[in-house]
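K.L.:
So the chains spell out like this:
Number of protein chains: 2
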Amino acid sequence: MTETQPQTWVDGAAGSLYDVDNLPYAVVTTGDEPAQVGVRIGEQVLDLGAAARALRPAWTPLLGVDRLNPLLAAGAATWAEVRAWVVDLLTDPGRRDQVRLLPLADVACRLPFEVADYVDYYASEHHATNVGRIFRPDGAALLPNWKHLPVGYHGRAGSIVVSGTPVHRPAGQRKAPTEDLPSYGPSRRLDIEAELGFVVGRSVPLGTRVATAEFADTVFGVAGVNDWSARDIQAWEYVPLGPHLAKSFATSISAWVTPLAALEPARVPLPGQDVPVLQYLREEGPSGYDIEVEVELNGTVVARPPYRSMYWSPAQMLAHLTVNGASLRVGDLYASGTISGPDKDQRGSFLELSWGGREPFVAGGAERTFLEDGDEVVLRYTAPGARGRIGLGEVRGRILPTS
Amino acid sequence: MTETQPQTWVDGAAGSLYDVDNLPYAVVTTGDEPAQVGVRIGEQVLDLGAAARALRPAWTPLLGVDRLNPLLAAGAATWAEVRAWVVDLLTDPGRRDQVRLLPLADVACRLPFEVADYVDYYASEHHATNVGRIFRPDGAALLPNWKHLPVGYHGRAGSIVVSGTPVHRPAGQRKAPTEDLPSYGPSRRLDIEAELGFVVGRSVPLGTRVATAEFADTVFGVAGVNDWSARDIQAWEYVPLGPHLAKSFATSISAWVTPLAALEPARVPLPGQDVPVLQYLREEGPSGYDIEVEVELNGTVVARPPYRSMYWSPAQMLAHLTVNGASLRVGDLYASGTISGPDKDQRGSFLELSWGGREPFVAGGAERTFLEDGDEVVLRYTAPGARGRIGLGEVRGRILPTS
Numbered sequence: 000m001t002e003t004q005p006q007t008w009v010d011g012a013a014g015s016l017y018d019v020d021n022l023p024y025a026v027v028t029t030g031d032e033p034a035q036v037g038v039r040i041g042e043q044v045l046d047l048g049a050a051a052r053a054l055r056p057a058w059t060p061l062l063g064v065d066r067l068n069p070l071l072a073a074g075a076a077t078w079a080e081v082r083a084w085v086v087d088l089l090t091d092p093g094r095r096d097q098v099r100l101l102p103l104a105d106v107a108c109r110l111p112f113e114v115a116d117y118v119d120y121y122a123s124e125h126h127a128t129n130v131g132r133i134f135r136p137d138g139a140a141l142l143p144n145w146k147h148l149p150v151g152y153h154g155r156a157g158s159i160v161v162s163g164t165p166v167h168r169p170a171g172q173r174k175a176p177t178e179d180l181p182s183y184g185p186s187r188r189l190d191i192e193a194e195l196g197f198v199v200g201r202s203v204p205l206g207t208r209v210a211t212a213e214f215a216d217t218v219f220g221v222a223g224v225n226d227w228s229a230r231d232i233q234a235w236e237y238v239p240l241g242p243h244l245a246k247s248f249a250t251s252i253s254a255w256v257t258p259l260a261a262l263e264p265a266r267v268p269l270p271g272q273d274v275p276v277l278q279y280l281r282e283e284g285p286s287g288y289d290i291e292v293e294v295e296l297n298g299t300v301v302a303r304p305p306y307r308s309m310y311w312s313p314a315q316m317l318a319h320l321t322v323n324g325a326s327l328r329v330g331d332l333y334a335s336g337t338i339s340g341p342d343k344d345q346r347g348s349f350l351e352l353s354w355g356g357r358e359p360f361v362a363g364g365a366e367r368t369f370l371e372d373g374d375e376v377v378l379r380y381t382a383p384g385a386r387g388r389i390g391l392g393e394v395r396g397r398i399l400p401t402s
Numbered sequence: 000m001t002e003t004q005p006q007t008w009v010d011g012a013a014g015s016l017y018d019v020d021n022l023p024y025a026v027v028t029t030g031d032e033p034a035q036v037g038v039r040i041g042e043q044v045l046d047l048g049a050a051a052r053a054l055r056p057a058w059t060p061l062l063g064v065d066r067l068n069p070l071l072a073a074g075a076a077t078w079a080e081v082r083a084w085v086v087d088l089l090t091d092p093g094r095r096d097q098v099r100l101l102p103l104a105d106v107a108c109r110l111p112f113e114v115a116d117y118v119d120y121y122a123s124e125h126h127a128t129n130v131g132r133i134f135r136p137d138g139a140a141l142l143p144n145w146k147h148l149p150v151g152y153h154g155r156a157g158s159i160v161v162s163g164t165p166v167h168r169p170a171g172q173r174k175a176p177t178e179d180l181p182s183y184g185p186s187r188r189l190d191i192e193a194e195l196g197f198v199v200g201r202s203v204p205l206g207t208r209v210a211t212a213e214f215a216d217t218v219f220g221v222a223g224v225n226d227w228s229a230r231d232i233q234a235w236e237y238v239p240l241g242p243h244l245a246k247s248f249a250t251s252i253s254a255w256v257t258p259l260a261a262l263e264p265a266r267v268p269l270p271g272q273d274v275p276v277l278q279y280l281r282e283e284g285p286s287g288y289d290i291e292v293e294v295e296l297n298g299t300v301v302a303r304p305p306y307r308s309m310y311w312s313p314a315q316m317l318a319h320l321t322v323n324g325a326s327l328r329v330g331d332l333y334a335s336g337t338i339s340g341p342d343k344d345q346r347g348s349f350l351e352l353s354w355g356g357r358e359p360f361v362a363g364g365a366e367r368t369f370l371e372d373g374d375e376v377v378l379r380y381t382a383p384g385a386r387g388r389i390g391l392g393e394v395r396g397r398i399l400p401t402s
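For the protein sequence lines, the chains are A and B, in the order given. When we follow numbering that gives the first Met the number 0, the leftmost residue of the first sequence carries the number 0, and every step to the right adds one. When we follow numbering that gives the first Met the number 0, the leftmost residue of the second sequence carries the number 0, and every step to the right adds one.
Pulled out of the complex, with its shape left as it was, chain A reads as follows (with noise of 0.2 Å):
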């Protein structure tokens, strides 16, 4: 008798984006029922709080809580054994009786976890290319430490919001090059960011280095990201500290942190960094993912920036982000910056596809720039999973007028 691959009992999961290679993981609701971990697959959602109580008490406190913080503390092992035991649950048909689903439709997802501190990257060559030429013409497109480290900041964990919360519209100062003073208002270039985050599940104390090789006992696992930005605010404030409140105002991240097992099969190397790096920044095997990004805006796709095209791995801006000395918590998220391919389809952001607001682009019929009150914004995340494709969930968000 030959091994095959258990199949899942639950209706129309197998074969689908959320089959059992894949297992994302959020913090969900429904009806007047408290929060609960829960585990995507196929259309439904494994009720993973009352698979605990009523079958591995012990992981209660991992599993039935409202946030994902216990269990990415519980470390690594603890993570290949949580993620076995839902395999099992999901493919034996015994259990069919044991557990619950729940139509995805009828759940509400909070946001997945408690975020501790926030840091935002700059990884991506042609972003940083791009957005050099737009801002500075007649420089180089990208600065002298660009290639030497991972450019990167600290944005606002508090204003972290989950998939599908509306976002208001930032109002703030602004000058245009061509006024003498600045005015207040409503941001008038107000774009998105496209970008992978990477959720940390350990606590470092401070002094102490995180190694690239570290990388998969430390971060737990990804979630899809839009850095919305206002690129007005952001050009008049951002000399000489860097953005404040053209990022502050809400990022979005995706109700569904997948693990890094789950993207094992997506690993790919990365595209080439032709400058050495310094040992601290070394790494072996393939260090990059092959996951496709989708931008949708208003029901109409207009770019695919291809991850697999970062020049810098998540494991690098770990370890720089530690390489200092500064202490890791459990549910810090680090995001990837805007995700650009090389080709002009394969943007990130608003910014780049309209080349600064003077190249309009078409979605939907109609020629657009930035965001308008109204927008919807999804971004859809895909990689190559264990059996076939698998989803790593959307980031929804819709512009609300100025409050």
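Derived from the structure by calculation, the hints contain no laboratory data. Heads up, a few of these hints could be off.
Simulated crosslink set (DSS-like; lysine-lysine; CA at most 30 Å straight-line) [unchecked claim]:
(1) A:Lys146 - B:Lys174
(2) B:Lys174 - B:Lys343
(3) A:Lys174 - A:Lys343
(4) A:Lys174 - B:Lys174
(5) A:Lys146 - A:Lys343
(6) B:Lys146 - B:Lys343
Assemble the complex: chain A is given as a structure, and chain B must be docked to it using the hints.
P.N.:
Then chain B, alone, in the frame of chain A:
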């Protein structure tokens, strides 16, 4: 009979920097007991957790806990009630046997509150001008946005530590202008930044602006801040997204949080804003604070930065922080940026005191520029109180070698 101010019954406290016009809060432990909220009076600490349990059980959830966050979250009316009660406890001789005083020398202080987001401003015109002259000797000292908005950025909340915590010298990438390539190693230009921090005690949802007039209902009090900075790491990494690893290895704050109520007598007008500000930054009444800072290096006072010289007020920084609709959380901390006055001995960083390392200053008979391993820095803060000067605690840290 004329009404006189009630005197405290605590030996040695009347007339000290910690009389009943002050009453800062900390989270203290003694022996094996759980951490509690404490209030400093003279050289003693009132065990406020024990007092609440015995005398005001309804406040035990605010005071018999290991962080100030529940007290912060209770709101301005409760802040005033608790303060009035503490004054009563410490001035009514009949209370002497009902409360417990702990000698200051016998308690250990914890980080006083769980920090949500940390924003660091750049609000001293003298500091920003000095830094501009040091780094851009041929350009304008202040950048065009500086007098239109309080420039700021997010720091790393997770690396904030309480006074007394040793600080490992960070390592990282440094590249001097004369070098072709960056190298990895311990920072060679490790610095301090003497700042004042403002502790938010109110949650405000996304999409809501906080007016300057809401400052006293939003900010609970102040803490001393030493924003340790690695200037060589900063110079190489900071374009275009601002400081990251140069700051994220440690930020020290005082154990004591001084309520705004104690600082009412210290309110002074700002030195003057010579460029009109937009409506949302306007404010009524004196909005500065006459707080003196002493910077001590290995026992020698090397600078006395005056907080009253700051260009931007804390209420303006708060209004700016939320003008884009960013939310606030209880435990948010925003700091002023380096406090530097107009005089040479009023500069709040070694970068300025040594003019970029080119003009060593004298401390304890030695010529000094940046921090050496083993150096201990203490920042001390005092201000006029209702009865005399009050102390705002200290921020102490010793530099350990790179770990």
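K.L.:
So, for every hint listed, does it hold in this structure?
P.N.:
Verification of the supplied hints:
1. A:Lys146 - B:Lys174: holds, 13 Å
2. B:Lys174 - B:Lys343: Holds - the C-alpha atoms of lysine 343 of chain B and lysine 174 of chain B are around 28 Å apart, at most 30 Å.
3. A:Lys174 - A:Lys343: holds, 28 Å
4. A:Lys174 - B:Lys174: violated, 34 Å
5. A:Lys146 - A:Lys343: Judged against 30 Å, a Cα distance of about 22 Å means the pair holds.
6. B:Lys146 - B:Lys343: holds, 22 Å
Checked against the numbered hints above, the structure violates only hint 4.
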